[in-house]
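Asks: The residues making up each chain are set out below.
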Amino acid sequence: DGGITQSPKYLFRKEGQNVTLSCEQNLNHDAMYWYRQDPGQGLRLIYYSQIVNDFQKGDIAEGYSVSREKKESFPLTVTSAQKNPTAFYLCASRGKSTGSTGELFFGEGSRLTVL
Amino acid sequence: AQKVTQAQTEISVVEKEDVTLDCVYETRDTTYYLFWYKQPPSGELVFLIRRNSFDEQNEISGRYSWNFQKSTSSFNFTITASQVVDSAVYFCALRNYGKGAQKLVFGQGTRLTINP
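Going down the list, the protein sequences come from chains Z and G.
Note that this note's numbering has the first sequence beginning at 1, numbered continuously upward.
Note that this note's numbering has the second sequence beginning at 1001, numbered continuously upward.
Excised from the complex, chain Z in its bound form (with noise of 0.2 Å):
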């Protein structure tokens, strides 16, 4: 079946040590998104990408990076940077199909924590 497939779904890191969320799709999208959720405060858009090898930051990009190298895969790193990365990270697509209207599909998440 088609979706959206993140991992690991859980994942914890030492403080200073880089990390990397993967998303991988199988619908044929060509927008990808990268949104961080945190309790009381809904979604955060980190960054996005429309299309291969073209990526723009979000409303909190500081402290993530991410590659845009294949159309099928989004993959977000969390960098020693980030000052607060404890949170549930999300992966979303658009695809034309869907015109303008902006329905995103979701992955199931990764939960991250620092100790």
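A few of these clues could be false.
Stated by the list, open to error - Which residues of chain Z face chain G? A partial, calculated answer using Cβ under 7 Å:
(1) 40
(2) 42
(3) 43
(4) 72
(5) 106
(6) 108
(7) 109
Since the hints were made in silico from the structure, they are not lab data.
Keep in mind it's a predicted model, so treat the numbers as computed, not measured.
Just so it is clear, CB atoms sit at the ideal spot from N, CA and C, and this is done for glycine as well.
Position chain G relative to chain Z; hints supplied.
Replies: Chain G alone, transformed into the frame defined by chain Z:
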């Protein structure tokens, strides 16, 4: 600037009660889209509905209904005869229309608990 406010942080009701989740939004654009998503304990956000700003007709889907009122900038969601499976976090979201409009802005979410 765009903003979505879900003032109800948590709601708890007994099964079979009706419950309404409030959503108020702010945007300077005249054309936009509004969404509701459900987040069950598994974590994945599930799309429920999309509404265009130029279509104020209310929508009903089974036990779910949505009331869109541009005059009050609200897009409320009602669950009739609630069930335990409806327990989840619900998010309201807003997106402007147009080629350059990529950002989906979410509210803070409302945690709904349906007790048996």
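Asks: All the hints need checking, so say for each whether the structure fits it.
Replies: Outcome of the hint check:
1. 40: Status holds, d = 6 Å.
2. 42: With a minimum Cβ separation of about 4 Å from chain G (threshold 7 Å), the hint on residue 42/Z holds.
3. 43: At about 4 Å, which falls below the 7 Å cut-off, the nearest Cβ of chain G leaves the hint on residue 43/Z intact, so it holds.
4. 72: Since chain G brings no Cβ nearer than about 18 Å to residue 72/Z, farther than 7 Å, the hint is violated.
5. 106: Since the shortest Cβ distance to chain G is 4 Å, the answer is holds.
6. 108: Check passed: Cβ of residue 108/Z comes within 4 Å of chain G, closer than 7 Å.
7. 109: 4 Å, holds
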